[in-house]
Amino acid sequence: MLPHADDAITRDGKALILAYDHGLEHGPVDFEPNPDTADPEAVWDLATHDAVSAFAVQKGIAEAYYPSYSDDVSLLAKLNGTSNMWMGEPDSAVNWSAEYAADLGADAIGFTLYGGSNYEVEMAEEFREAQETAREHDMGVVMWSYPRGQGMKNDTAADTIAYAARQGLELGADIAKVKYPGSGEAMAQACEMAAPTKVVMSGGSKTDDAAFLSTVESAISNGAAGLAVGRNVFQRENPIEILDALEAVIYDGKTAKEAIELTGDAALADD
Amino acid sequence: MLPHADDAITRDGKALILAYDHGLEHGPVDFEPNPDTADPEAVWDLATHDAVSAFAVQKGIAEAYYPSYSDDVSLLAKLNGTSNMWMGEPDSAVNWSAEYAADLGADAIGFTLYGGSNYEVEMAEEFREAQETAREHDMGVVMWSYPRGQGMKNDTAADTIAYAARQGLELGADIAKVKYPGSGEAMAQACEMAAPTKVVMSGGSKTDDAAFLSTVESAISNGAAGLAVGRNVFQRENPIEILDALEAVIYDGKTAKEAIELTGDAALADD
Amino acid sequence: MLPHADDAITRDGKALILAYDHGLEHGPVDFEPNPDTADPEAVWDLATHDAVSAFAVQKGIAEAYYPSYSDDVSLLAKLNGTSNMWMGEPDSAVNWSAEYAADLGADAIGFTLYGGSNYEVEMAEEFREAQETAREHDMGVVMWSYPRGQGMKNDTAADTIAYAARQGLELGADIAKVKYPGSGEAMAQACEMAAPTKVVMSGGSKTDDAAFLSTVESAISNGAAGLAVGRNVFQRENPIEILDALEAVIYDGKTAKEAIELTGDAALADD
Amino acid sequence: MLPHADDAITRDGKALILAYDHGLEHGPVDFEPNPDTADPEAVWDLATHDAVSAFAVQKGIAEAYYPSYSDDVSLLAKLNGTSNMWMGEPDSAVNWSAEYAADLGADAIGFTLYGGSNYEVEMAEEFREAQETAREHDMGVVMWSYPRGQGMKNDTAADTIAYAARQGLELGADIAKVKYPGSGEAMAQACEMAAPTKVVMSGGSKTDDAAFLSTVESAISNGAAGLAVGRNVFQRENPIEILDALEAVIYDGKTAKEAIELTGDAALADD
Amino acid sequence: MLPHADDAITRDGKALILAYDHGLEHGPVDFEPNPDTADPEAVWDLATHDAVSAFAVQKGIAEAYYPSYSDDVSLLAKLNGTSNMWMGEPDSAVNWSAEYAADLGADAIGFTLYGGSNYEVEMAEEFREAQETAREHDMGVVMWSYPRGQGMKNDTAADTIAYAARQGLELGADIAKVKYPGSGEAMAQACEMAAPTKVVMSGGSKTDDAAFLSTVESAISNGAAGLAVGRNVFQRENPIEILDALEAVIYDGKTAKEAIELTGDAALADD
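Residue numbers (UniProt numbering), protein chains in the order written: chain A, 1 to 271; chain B, 1 to 271; chain C, 1 to 271; chain D, 1 to 271; chain E, 1 to 271.
Simulated from the structure, these hints should not be mistaken for lab results. A quick note: this is a predicted structure, and the numbers were derived from the prediction, not measured. Don't take every hint at face value.
[To be verified] Which bits of chain D does chain B cover? Going by a derived footprint, with three or more residues having C-beta under 8 Å, they are:
no.: 1; region: 138-152
no.: 2; region: 246-252
[Said to hold, decoys possible] Straight-line distance between alpha carbons at most 25 Å, and here's what the computed SDA-like set of lysine to any residue pairs gives:
no.: 3; chain 1: A; residue 1: Lys153; chain 2: C; residue 2: Asp252
no.: 4; chain 1: B; residue 1: Lys179; chain 2: A; residue 2: Glu32
no.: 5; chain 1: A; residue 1: Lys179; chain 2: A; residue 2: Pro3
no.: 6; chain 1: A; residue 1: Lys153; chain 2: B; residue 2: Lys153
no.: 7; chain 1: A; residue 1: Lys179; chain 2: C; residue 2: Glu132
no.: 8; chain 1: B; residue 1: Lys153; chain 2: A; residue 2: Trp86
no.: 9; chain 1: B; residue 1: Lys206; chain 2: D; residue 2: Glu192
no.: 10; chain 1: D; residue 1: Lys257; chain 2: D; residue 2: Asp208
no.: 11; chain 1: E; residue 1: Lys179; chain 2: D; residue 2: Lys206
no.: 12; chain 1: A; residue 1: Lys153; chain 2: A; residue 2: Leu104
no.: 13; chain 1: A; residue 1: Lys179; chain 2: A; residue 2: Gly253
no.: 14; chain 1: E; residue 1: Lys153; chain 2: D; residue 2: Val29
no.: 15; chain 1: B; residue 1: Lys153; chain 2: A; residue 2: Val29
no.: 16; chain 1: B; residue 1: Lys153; chain 2: A; residue 2: Gly88
no.: 17; chain 1: C; residue 1: Lys179; chain 2: E; residue 2: Glu32
no.: 18; chain 1: D; residue 1: Lys206; chain 2: E; residue 2: Glu32
Yeah, the Cβ is synthetic: ideal placement off N, Cα and C, and Gly gets one too.
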């Protein structure tokens, strides 16, 4: 964790990371609710929204589009990832070297660690190499810290998420992305364990607007620096409005209710 | 996926990749229908046909013949491959480094990924290294994206092929070679998922002319950029004519029927 | 083992290593007795105590705080470590390269070896690389020499600890950190086996003051160069006082009883 | 396969490779028929025979003797090999780097590939590295192409040998060494599959002179470029005479019978 | 095997290697017969005896003491080794890089190969790298050639030891250290198989003086170049006298009986 290393992917110390690696991790099924989003251009356009402090994609999608969006989007190079056809213990291929990400102009790298998996040690060592290379190139480091596999019974238990956040700090992440541990109190514990490492909550599968914004509000008010979100934005019919609302909650300290009112979108309120 | 990286192995954005690595992948049995094709020279000669935008071979066959054909053939260096004596989970040895392919003058690299295999993670990481080296040397990147192994029940299901095409995009291929998913609609879905990455249909085992051309027509009219073909050309008695016909379908937008008529070959029509 | 290589992390040839990698190795549970210690800053402040000859932390915690403490704290870069979510044979990921530790200004590296684990050979080879890199950068080398795993029945048996200490010497550690083998005689044996390699006793889980100091006294009087301690300092309500007392025992040759009297802390005596 | 890369180890395009790595592969037992041959010098002397176009040895035997024979012997550095104490799936340790072979002055490298073994993929990748390094140093490349292991039922079946020969071509060998597939016709098929890659027949265990020469004649007349032989030369009492006879068959196109007559050795005829 | 590469660790072509890596390989138990020998200094002093042509130690013991003994002792850097807590198939961690050994001023490297172990291939490849690096730095190469593991029924059978000695030659060792195969005849066979590679007999566990010297005499008179010995020297009460006697047997061609008489040590004769 290096102070200010994440400046290029945060805004006033807060973060809204738009993630779009679902085509690799989950496959085409994630584009079904909103078929246009299979086209990366549609989501790159969303990423230009002021609320988005960084856009997380795999290498191929960065190669193809980032040169056209480099003035408007901060690139978070998601270095590892694996299809869900993979049937072994949780693991993630390193699909992108940190050097090449730097060459492409990435502002930060993203890396998944499956704590508790039978590949935890190997993934931690791959993270080491990526993290240290990121430092050479002044890129920030975001860890997707997701305990999973083998004997992991409850991967969103408060203790597990707190441990995951702490792994982010100890191993050298500037930002740790963790699942929402079910309560504001548990999120506060995770943030406390991460200490100077910022914690962002993972958006998860799509929920209704009010519930989603309310969870984000809870996370923010309990110390989270923001949100990393994919489906809860691009699977909606109103992605711009939800980004407006998230901007209000994350950067302006509004409540979910205020944000819905401010964005003046009946659809959001009634969804 | 890098725009224009595949220019040297496409023609007006379309591709007909002649593949000739069957001696390694399947063994001598593939030359039995047309014994002369065991001699690489015979197939290199076919590769000079105007319809062929790239010729995919393993290292040894490139070393021996490419210097004599470099003016007339675009070389697609198929970097990995394994004999069918291999009895483990689907895997493919990296037989050729991307650096050496560049030294030999290759225009692009080809690489197989078996999504869903117990070797998927390892192969994806080998692909990473090859892909990034290809970028250093301005070579295009073609992925043979073939889900296979373990629990993969149907490797030509529409969802599987769409996922395979998307893997090509996400991991950084300029062209994804996938099996024909059984219908034009399914091929359209795959092309949509690949977005800017071009999709070429794999020729597969030999079928009759009309059926084969009709499948190619279906693929092209549903968004495929072309075809990667081996046995359906070199196992025929009339390889030149089928290349003529494929040229008409792929580059000139002719129907299968028109192509057969245009090439004026009774043999093709009646095969 | 290189004479004087540990000068920067010892004081008159004695050592009190304050270790603070529990957030990775054990998780948040270790901060529960004293919740403020989840904040690394609180423990970095403890590390400025004169008694502390080196502070052992993982990479992320060094990156974030060491620049502010480099005048007052000697940095012992704990290179490997793993969460206790890991369920395989004892192993430890190399989370930090020795080069990067040197770049950050570390005075020494720390490395765990699980002798007897199914990963012993692999860990020893990782240690080799770290140790030799440490030599290039004039950093000292501390081995956490912890036989563990498979058929290891008693990991604090006198013979086991003596063997562990010897491994430290043979493989090139300047200091070997071992568990207390249950008696002063056994500790003497371990020190004899380590010969010029210094032996420090591992603090272990928290015990009461008198018992703890008495064990330290026994270790010191039987040849140990000092102590590596975490929980027995930072989980206490009186960490400063226990550091004062440890200073008396380790550097001044006081008995546990004298140390308690000297530090004039009733709480210590009565704990 | 690179035209002319094997010039230094062939004579008029033909090859007689004397192999002497039996001390590693089979152990001392292979020297029992002719105990003097345990002394490498005795076999180096045989290698100076005009019939021998290359001498294949492991590193230690090259280091010790090649400097004294470099004017008279072409060195074929057999890079991998394993003792028969090894009880795992067929595998072969890389005992010699291609760089070091080049430093010693080797004219070519030799490398075993066990197609079908559970180590096929790993061995093919080790071959890649050796082959490409050989190209950097203008050394020829000979593959000992030996399908073996797991489900391989008949490792001298015609189809298997033809496949083995083809692997040599596809992977970049200039010469493929294969077992005799039992008939001239089958050997012709293997040579056809290897196309420009030369095929040499493996000598195998010792047989009587007439039978041995007759098999060699059959191989040569069916397209083989020559022979790689060890025991059938050095286990004989008359190694010079058999080399004379082999020279007649391989380079001068004599029949086995003519060769026996030409060499005028009653022992050969009556053996 | 490179002629003269072992000059620095032999004397007139003969060798008495004093080995002292027992603290790693066997643990403290080996020092019990003579507790002072746990202190490396005591054994370094023995290594200055004129009879000792090389002293074999692990890295840590070389780092700590060699600078003080470099004028009087030839350093044989034992690169690999493992504790006997290891319970897997025989394997040995590479604890010391050959480069670092060269930097420390080593005259030669020592390396264990467990032929027949499930790690044989891996160890042979590690040996390759060490051996070739030794050549770059003009260091000699000694192989501890110890068939062991899996199906190895008798690791001192004559055939096994002969094979082990041959492995030393083939793989590039200047000296092969093997166990005594039970008879002078068997030792002669091993020496014949090693050809120019020198064979030294391994001292093994401590036996009485006359028996021990008699075995050494048998080895020497059957072609061995000498002895590698540890416990049979340092576990004795009279290590100087036994070294005197060994000097007579190894370098001066005395019989065991003559040596005992020459050294004039009643203790030796009556032991």
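Inset, instruction - With a cut-off of 25 Å on the C-alpha distance, tell me whether lysine 153 (chain E) and valine 29 (chain D) pass. - result: Between lysine 153 (chain E) and valine 29 (chain D) the Cα gap is close to 18 Å, so the pair holds against 25 Å.
Legend entry - Proposed proximity, proline 3 (chain A) with lysine 179 (chain A) (alpha carbon, max 25 Å): With a Cα-Cα distance of about 23 Å, the restraint between lysine 179 (chain A) and proline 3 (chain A) holds, given a limit of 25 Å.
Inset, instruction - Starting from lysine 206 (chain D), check that the Cα of glutamate 32 (chain E) is at most 25 Å away, please. - result: violated (55 Å)
Legend entry - Hint consistency between lysine 257 (chain D) and aspartate 208 (chain D) [alpha-carbon to alpha-carbon, up to 25 Å]: Answer holds: lysine 257 (chain D) to aspartate 208 (chain D) is near 13 Å, not above 25 Å.
Inset, instruction - Assess, step by step, whether the Cα of lysine 179 (chain A) is no farther than 25 Å from the Cα of glutamate 132 (chain C), and give holds or violated. - result: violated (40 Å)
Inset, instruction - For the pair supplied as a hint, lysine 206 (chain B) and glutamate 192 (chain D), confirm whether the alpha-carbon distance does not exceed 25 Å. - result: Within the cut-off at roughly 23 Å; holds.
Legend entry - Given hint lysine 153 (chain B) paired with lysine 153 (chain A) - CA-CA distance at most 25 Å: Measuring from Cα to Cα gives roughly 28 Å; hence the hint is violated.
Legend entry - Given hint aspartate 252 (chain C) paired with lysine 153 (chain A) - CA-CA distance at most 25 Å: Given pair lysine 153 (chain A), aspartate 252 (chain C) is violated - Cα atoms ~50 Å apart, limit 25 Å.
Inset, instruction - Between the region 138-152 of chain D and chain B, see if three or more residues pass the 8 Å beta-carbon test, and mark the coverage as holds or violated. - result: Held - the region 138-152 of chain D has 4 residues with a Cβ nearer than 8 Å to chain B, which meets the minimum of three.
Legend entry - Hint consistency between lysine 153 (chain B) and valine 29 (chain A) [alpha-carbon to alpha-carbon, up to 25 Å]: Holds, at roughly 18 Å.
Legend entry - Claimed coverage, the region 246-252 of chain D by chain B - three or more beta carbons nearer than 8 Å: violated (count 0)
Legend entry - Restraint check for lysine 179 (chain C) with glutamate 32 (chain E), where alpha carbons must lie at most 25 Å apart: This hinted pair holds, its Cα atoms lying about 22 Å apart.
The structure is inconsistent with the numbered hints 2, 3, 6, 7, 11, 12 and 18, although it conforms to all the rest.
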